[in-house]
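Chemist: Sequence:
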Amino acid sequence: MRPGLERKRRSMLDHPARFVVLAFVVAIALGTALLLLPWSMADGRDTDLLTALFTSTSAVCVTGLSVVDLSTQWSGFGQAVLLVLAQLGGLGFMTMASLIAMLVSHRLGLRMTLAATAERRTLNLGDVRRVLGGVVVITLVMEVAVALVLIGRFRFGHDYPWDDALWHGVFHSVSAFNNAGLSLYPNSLNAFADDWVIIGSIMASVVVGGLGFPVLVDLFQRRHHRRRIWRHLTLHSRLTLTATAVLFLAGFVMITAFEWGNPATLGHRPTGEKLWMGTFGSVSARTAGFHTFSPGGMTDEGLLSTMTLMFIGAGSAGTSGGIKVATAAVLAMVVFAELRGDTEVEGFGRRIPAGVQRQAITVVLLAGAVLAVTTAVMLSVTQFPLRDAAFEAASAFGTTGLTTGLTPALPGSGQLTLIVVMLIGRLGPVTLGTALVLRFRSARIRLPEEAPLIG
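Numbering follows our numbering, in which position 247 of the sequence shown is assigned residue number 385; successive positions increment by one, without gaps.
Don't take each hint at face value.
[What the hints assert, rightly or not] Simulated pairs of lysine to any residue, SDA-like, Cα-Cα distance not exceeding 20 Å:
1. K412 <-> G435
2. K412 <-> V335
3. K412 <-> D333
4. K412 <-> L387
5. K412 <-> V391
6. K412 <-> P401
7. K412 <-> V515
8. K412 <-> L327
9. K412 <-> E439
10. K412 <-> T394
11. K412 <-> A395
12. K412 <-> A388
13. K412 <-> W398
14. K412 <-> H363
15. K412 <-> F386
16. K412 <-> S432
17. K412 <-> D438
18. K412 <-> A329
19. K412 <-> A402
20. K412 <-> L379
21. K412 <-> A492
[Claimed, not checked] Now the in silico label distances, taken between C-beta atoms and shown as ranges:
22. V163 <-> F474: 36 to 46 Å
23. A388 <-> W334: 19 to 29 Å
24. V511 <-> R183: 31 to 41 Å
25. V206 <-> G338: 25 to 35 Å
26. Q495 <-> D207: 15 to 25 Å
27. V206 <-> A283: 30 to 40 Å
28. H362 <-> G182: 29 to 39 Å
29. S209 <-> A402: 16 to 26 Å
30. T409 <-> A589: 47 to 57 Å
31. E482 <-> V206: 48 to 58 Å
32. I592 <-> E482: 13 to 23 Å
33. A388 <-> F486: 41 to 51 Å
34. L168 <-> D207: 17 to 27 Å
It is worth saying that the hints were derived from the structure and are not from the lab.
Beta carbons: idealized from backbone N, C-alpha and C, even for Gly.
I would like the entire structure built from these sequences, with the hints used as guidance.
Modeler: Okay, structure coming up:
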């Protein structure tokens, strides 16, 4: 290999963001190849390359969008492939590689540590071992516990045969914790809208998976403080928990209020079920992707509320997409400080560094640009109205998987567009943008300062 090519290869692998992107692309390619195997398809079904690529990307990026019905298109083997891809995509391909490296060598190399930090977005290099150690325990405990509940409910509450109850329980437990939104039912969880056990357990799994592993590990380590636990949490944990509670309440109020009298969603339901379904709608919209009523029947106001939740997403270093709740919280604090005329941005007794503020603004602006371009493409390749095109774009970027019915009707160009957007949403616009930058230069000269007019 020529020295120039060798240097380029080494540069790509040494840079953590590029390494993460490469790992996800490889996982998607392998998943596509597996889905094209004859035994991955259900009897009498055929699959083309684009369908397999779209489905594999959706699973690895834990999105849940699909151009085919998962329950009828794929065999048991094919569904198992999707489940493994979702597990890898949810935990993070580099996290799994880091765990293997820890088991083999009992230590993390610098390159592997940087790669895990880039993907998991942990707070610093010293947190990596602590977070990765908690990933396995949290994942196994939550997925096994929810799977057992679902298996029992499917078997004794809905009279499923033991094999079906086992598979449906495991599949939806893994899909829920990883916020993948993949379901073995054509209408997601609509048939179980009034089943408090199934919906409640899935909702709990979605919330835990969406908080982010650094927050969960932080809560676990501070558990001995009991009543004073809040004071000992990191700023990131407090921001994430506070913003999560605010968004959950706001989403519940908006979705429930706007859909209360809509006969296509909540209008025909008893009051208790309306409140319960509104609660699930708020939780699931933040990248989980399950639904108990079809998004296509929602009001414009309800769709806009759901799009806002999808755009923000859930916790950093978790199994969600979107700009992340911590990013939204930091941006809100920046706005609040500017309105008050404060020179520093502060929250929970801490000062937010200027670099973090710039990162938050960059993420939001890049995300907005991605949504605008994707919406324009969707409008140009389909005859669907603006609300459906914008909703689909937000769902793909937020790796949510909710759809008003546009995705199955997309032509090849529309599917390829959403494939790219799903990957961007899973990795984060800044991670993907940094990975594609060919050169980095540090400023050696500081130019004179001058402030332009704003507003």
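Chemist: It remains to establish, for every hint, whether it holds in the given structure.
Modeler: Outcome of the hint check:
no. : hint                      : verdict
1   : K412 <-> G435             : holds, 15 Å
2   : K412 <-> V335             : holds, 16 Å
3   : K412 <-> D333             : holds, 13 Å
4   : K412 <-> L387             : holds, 15 Å
5   : K412 <-> V391             : holds, 11 Å
6   : K412 <-> P401             : holds, 11 Å
7   : K412 <-> V515             : violated, 35 Å
8   : K412 <-> L327             : holds, 15 Å
9   : K412 <-> E439             : holds, 17 Å
10  : K412 <-> T394             : holds, 7 Å
11  : K412 <-> A395             : holds, 10 Å
12  : K412 <-> A388             : holds, 16 Å
13  : K412 <-> W398             : holds, 7 Å
14  : K412 <-> H363             : violated, 38 Å
15  : K412 <-> F386             : holds, 16 Å
16  : K412 <-> S432             : holds, 14 Å
17  : K412 <-> D438             : holds, 18 Å
18  : K412 <-> A329             : holds, 15 Å
19  : K412 <-> A402             : holds, 12 Å
20  : K412 <-> L379             : violated, 25 Å
21  : K412 <-> A492             : violated, 44 Å
22  : V163 <-> F474: 36 to 46 Å : holds, 39 Å
23  : A388 <-> W334: 19 to 29 Å : holds, 23 Å
24  : V511 <-> R183: 31 to 41 Å : holds, 34 Å
25  : V206 <-> G338: 25 to 35 Å : holds, 29 Å
26  : Q495 <-> D207: 15 to 25 Å : violated, 45 Å
27  : V206 <-> A283: 30 to 40 Å : holds, 31 Å
28  : H362 <-> G182: 29 to 39 Å : violated, 58 Å
29  : S209 <-> A402: 16 to 26 Å : holds, 23 Å
30  : T409 <-> A589: 47 to 57 Å : holds, 55 Å
31  : E482 <-> V206: 48 to 58 Å : holds, 52 Å
32  : I592 <-> E482: 13 to 23 Å : holds, 19 Å
33  : A388 <-> F486: 41 to 51 Å : violated, 20 Å
34  : L168 <-> D207: 17 to 27 Å : holds, 23 Å
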